[in-house]
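K.L.:
Keeping their order, the protein sequence lines are chains A and B. Using the working numbering, the first residue of the first sequence is number 1, and each one after it goes up by one. Using the working numbering, the first residue of the second sequence is number 1, and each one after it goes up by one.
Hint data in this document are derived by calculation from the structure and do not stem from the laboratory. Take every hint as true, because none was put in to throw you off.
Subject to a maximum C-alpha distance of 27 Å in a straight line, what follows is the list of computed DSS-like cross-link-like pairs (lysine-lysine): (1) B:Lys98 x A:Lys572; (2) A:Lys768 x B:Lys60; (3) B:Lys3 x A:Lys462; (4) A:Lys379 x B:Lys2; (5) B:Lys3 x A:Lys465; (6) B:Lys3 x A:Lys386; (7) A:Lys792 x B:Lys52; (8) A:Lys462 x B:Lys2; (9) B:Lys50 x B:Lys60; (10) B:Lys60 x A:Lys606; (11) A:Lys247 x A:Lys139; (12) B:Lys50 x A:Lys792; (13) B:Lys72 x B:Lys52; (14) B:Lys2 x A:Lys386; (15) A:Lys308 x B:Lys3; (16) B:Lys2 x A:Lys240; (17) A:Lys311 x B:Lys2; (18) A:Lys513 x B:Lys100; (19) B:Lys50 x B:Lys36; (20) A:Lys378 x B:Lys2; (21) B:Lys60 x A:Lys601; (22) B:Lys3 x A:Lys379; (23) B:Lys72 x A:Lys422; (24) A:Lys422 x B:Lys100.
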Amino acid sequence: MLLNFFAERFGSGIFQGERLWLGHLGHFFIVFSFFAALLSFVAYFAAEFSQKDSNKSSWNKMGRYSYVGQSLAVLGVFVLLFIMILNHMFEYHYAWRHSSTELPLKYIISSFWEGQEGSFLLWMFWLSVLGVVGIFTLKKYENPVMGIVALTQVFLASMVVGIYVFGHKIGSNPFVLLRDEMASAPVFQRANYLELIKDGNGLNPLLQNYWMTIHPPVLFLGFASVTIPFAFAIASLLRKDWTGWVKPALPWTLFSVGALGTGILMGGAWAYESLSFGGFWAWDPVENMSLVPWLMIVAGLHNLLIYKYAKHSLISTYIFLIASFSFVLYSTFLTRSGILGETSVHAFTDLGMTGQLLIYLAFFATVGFTLLLIRIIKKQIPSVEKEEDIWSREFWMFIGTLVLLLSGLQMTFTTSIPVWNKIFGLNLAPPEDVIQHYNSIQIWLGILAGIFTAAVQFLSYKIGKIPATAKWAAYSFLLSVVLAIAISLSMNIAMTEQHVIDLSKLSAKLFIKFPFLSSHFLFLTAALFAVFGNLAYFFFVIKGKFKLSGGSIAHFGFGVFLVGVVISQGQKEVISINHSGIDFGAEFKANEKMDNILLLKDSTLKMGDYFVTYTGSEEEKPNFYFLVNYVRKDKNGDTAEVFTLRPNAQINPKMGLIANPDTKHYLTKDVFTHVSSIPDNENLKDSMTVAEISVGDTVYTRNSYVIFRTLNPNPVLPSDFEKEGKLVVGIELDAQTLEGDSFRTTPIFVIDMTDNNSISSIASALPKLGLTFDVRRIDPQSKKVTLEIHEKERAADFIILKAIIFPYINLVWLGGLITFLGAFISMWRRHRENNM
Amino acid sequence: MKKLHIILLVALAVAVGSIVAMTSDYTTYANFIQAKANGNSVNVVGYLVKDKEMQYDPQKDPNYFSFTMIDKEGNEQKVVYKGGKPQDFERSEQVVVKGKMDGEVFRCSEISMKCPSKYVNDEITLKEDGSNVTVKTNI
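Please take these sequences and the hints and turn them into a complete structure.
P.N.:
The following block contains the structure:
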């Protein structure tokens, strides 16, 4: 018994080669971080609520030390998990499940956060870093804010603690042993099992992409950062301090906007570059649910500014900040509980932590909103008696945040379909055309957002008068309209369209059709207005003062982003349109788009401006690269441009074909090329037919027909053939392909007169056609020949390709980056102001 | 009434209106009999009938794929898809098709499939023993 105990702990006895110290140390650190975070929370709250200054400062010290302690423990877990994965310690389930020996370093790093446990750790890591920064910078708000941060850290630690309490599993420990996780496998009966385990399962090939190395860390930094504005809101509600929190909360909120935004944009870049979405945004549930917290934090930021400068909108500030954190938790719940099931490509495997995730969400959302409600009911929150003036900045800024709210609500409502089904026992499924479903509403909200970003800047806080500088808004609007018309004309963007208001399910009267300016045209105008309005504001109103520029830069970037969105998505052009579709009956209408086209090896097709040739493939294990040659000719027919794209496909034994697109980037457009299918040459079948034919007869094979020309008594014989004493007859055959090529071939029938007239034959082959001919017998009377025809199915060499041109997609990336840069500039400014 | 209240009411009305309008986009899960009866776009969950012919000849038309599927209640139905055959379709464990009935065929606009190996990769490959050990774990 005792021996077993030690053997299991230190790996000296039963099982050979296990490095158990790592798991024990790792799990110790996890448990330590859980309790240290709990202690930190208690100490910080004790500091917050104790009356005596000396108690306050000693509790505060304890809060600090235990938070730093838990941060060091999280760092320890982080390092140990890396050591485990890096050294391929397959005695641990996590290393075995998510990595393999052949992975290059960048993917070994990625496999760290492929699983739920690793990604929770990433989140904890960032919250530790932010918390330590907070300890040094939060000053007066340190106690309550850090207390709440520590409490969220407690919940996060509980997700990886992996202990059983009254038979319930709490969290999932990343240091679980493989032999414990899969105890029933017979291999674990053997002491040397570790020597037998060849390799880990490896990283999901869909995730083997450098974006997987950098996107999750940034996104989780964003998620973690949302905690702090939330904590500020709660702290101020607890303290009933309505103004003191605004200034210190601003830079943190701006940081969140920038960090979370960058994380989401990187996700879009990943989807665009390496998934087959055919775009950077597919309205996938997980994408939506990372965007909603961002919309909420942006709305929170704007309300915070309204409150700072005009004393309005305090309640809505709280609502948005609490909501943004709650939506982070809701999004975590959706992606990690398995509830999304089939509706998303992103979801993690269900680890049975649904209940725990739900408690986490319910706890913080309930605490936040209840506290707010209590303060509202008790009428403790101050409000300004005087209404916002209709021409004041705060009024329109507030309306703008309502637009963000509506946008978030629509996404949440449809994304939550699986949740509605669970709660109400419904049988709903996502819309047939998901993209259309979201676009049809979001495009109008985008138009409003574009106009607001530009116009509202020109109004002043608290002054209900249109300032003289607003003429710049009018000029830039006119410029936008003119430019939008010019762009629409040159790019064939329809400027008017039929609009339909269809509420016919409610009442037949609510079905209205009317012609109006097209949504794309309006969107383009609004987006251009956001660009030029903010430029004008920057140059003519704040006169280029860098200190004040953050907002204008962010809004300008947002405008550029919107222009990029409407042009690259609205005007994207599938150039691999298949014109040669064969009619399989009336099952498909002629006008339906056929996006995939077949390219035979070495044949050329015209796609858009390009002549496209598939020239062959190269294997670089485990990938196949297909060489697709693009040639563009100028007006005289001379070659103007040549390039080769190498979309790749990984033939994965577990998942089949995983295709990665390849894209030619220009400044003004991208040519996106994606292999959607390749021939299956694994199961080529040989067929054999036997035919009895006379001279002049024809036999049909799969790709050719074979004519029996004549019997030749003097056929050309192989050089090593001993003719003596043998009777030979050549069967002269002409094989003609469907393309019109003709091949002569002569199988030979042999009678050996020296050997009892035994018969044999010399087969002949046409390798090009995959045909082999052999003679079985010749009937002496009728001269009929019995021919054996072997036909090898030819290995086909073609690719099925999808090629799309995205015009001006670079504006999307550029605009996004400028927006977040603007947020960081503002953050820096607010931070400097607070320290002055 | 304050302006703010009016705005909030308008926003609420817009929100409720658009959400109600949106729900008409939603589809439902159904079997083939129901799909035939109501003619709407639905999602059908079922399985590929592996011994019936699948038609996909990219050399003729890379955007046409047809197969026979059986829904969870056992109704068999020919399904056509305008698009390429998903890789490893034969190996699918479960298929979800989104689309509607059109005469005798079910025209689908989207196929999603569940592959056994895609989700359960708990398979330990051993070095010398040769044989693979597959263990399903309930993690």
